[in-house]
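Given these sequences and hints, build the entire structure.
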Amino acid sequence: MEVINILITGANGQLGHEMRNVLADDQRFNAIFTDVAGDDIDMLDITDEAAVEQMVADNAITMIVNCVAYTAVDAAEDDEPQAARLNAEAVGVLARVAKRHGARMVHVSTDYVFDGNSCIPYTEEMPTCPQSAYGRTKLDGENLLIDTLGYDAVILRTAWLYSPYGKNFVKTMLTLGRSKPALKVVFDQVGSPTCARDLARAIVTVITADEWHPGIYHFSNEGVISWYDFTIAIHRLAGITTCDVQPCHSDEFPAKAHRPAYSVLDKTRFKSTFGVSVPYWLDSLQETLKQLSSFNSKL
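The numbering of the sequence shown is the working numbering, which starts it at 14 and goes up by one.
Do not rely on the hints blindly, as some may be mistaken.
With a Cα cut of at most 30 Å, we get these calculated DSBU-like pairs of lysine-lysine [unchecked claim]:
no. : residue 1 : residue 2
1   : K284      : K112
2   : K284      : K184
3   : K303      : K184
4   : K193      : K303
Label pairs and their in silico Cβ distance ranges [to be verified]:
no. : residue 1 : residue 2 : range
5   : D201      : C142      : 17 to 23 Å
6   : P140      : L250      : 33 to 39 Å
7   : L295      : D201      : 31 to 37 Å
Hints listed in this document are in silico derivations from the structure and should not be mistaken for laboratory results.
Don't be surprised by glycine CBs; every beta carbon is placed ideally from N, CA and C.
Set out below in structure tokens:
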């Protein structure tokens, strides 16, 4: 069995943590987990091309999975250069190093590359039209990757990512539900939640397939809901009964960055190419809440 020397960037983020979990006991990989800080992983600034070059060369890396992203969408409106540094320029660094070493690359992108005005699920061929600094910089990252490696890389677009790690909507709604008597949550933004562990497993599917299938793919969990419906489900599964959750319009919560009204991604290409099914959002949410409950019980 040939072992794959794989570099995982952003290993302290939501997806990076789940990549660590998914690959922990997988003998097919010699995994190098990196981030800008962390006691149990290697430090690597992916905007530093010389450092990335040395990391890839020293470890004979043949696969790079980029989980780094500047995801603070409102902050990006005030500091687009910094968002561009991580979401675009760093992707170019990784792509150039990958090309020099003949390594393959998987990069994670976002539904924010679209305008959010569709009424049917977004396919990979539909025109991009980002409406925020975050979306623009993520699309720039996609284009830099394609410009450098052609279409011999994999871009996985996802949406509404959550996990037991870091900051995300699920954990925020749990905290608010337990601490507030009432909440308003928007009902006019709809999409498909994505469990980070399911996305990590999808990435493993991509890189262990019998053939390399480069290109752009969409991945999220199955199903379509609003943020309001998602909150209701989170509270119900978590047994939160003391918070009155009411639906509201997006304009009741003005934000610097434009939020897509419609974030549903069509996963047909991914499912047909790799011959897999995708978990339903409610099942994955239930598993994540069990994980969180287990974590809390150990504190």
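Going through the hints against the structure:
no.	hint	verdict
1	K284 with K112	28 Å, holds
2	K284 with K184	29 Å, holds
3	K303 with K184	13 Å, holds
4	K193 with K303	22 Å, holds
5	D201 with C142: 17 to 23 Å	19 Å, holds
6	P140 with L250: 33 to 39 Å	37 Å, holds
7	L295 with D201: 31 to 37 Å	21 Å, violated
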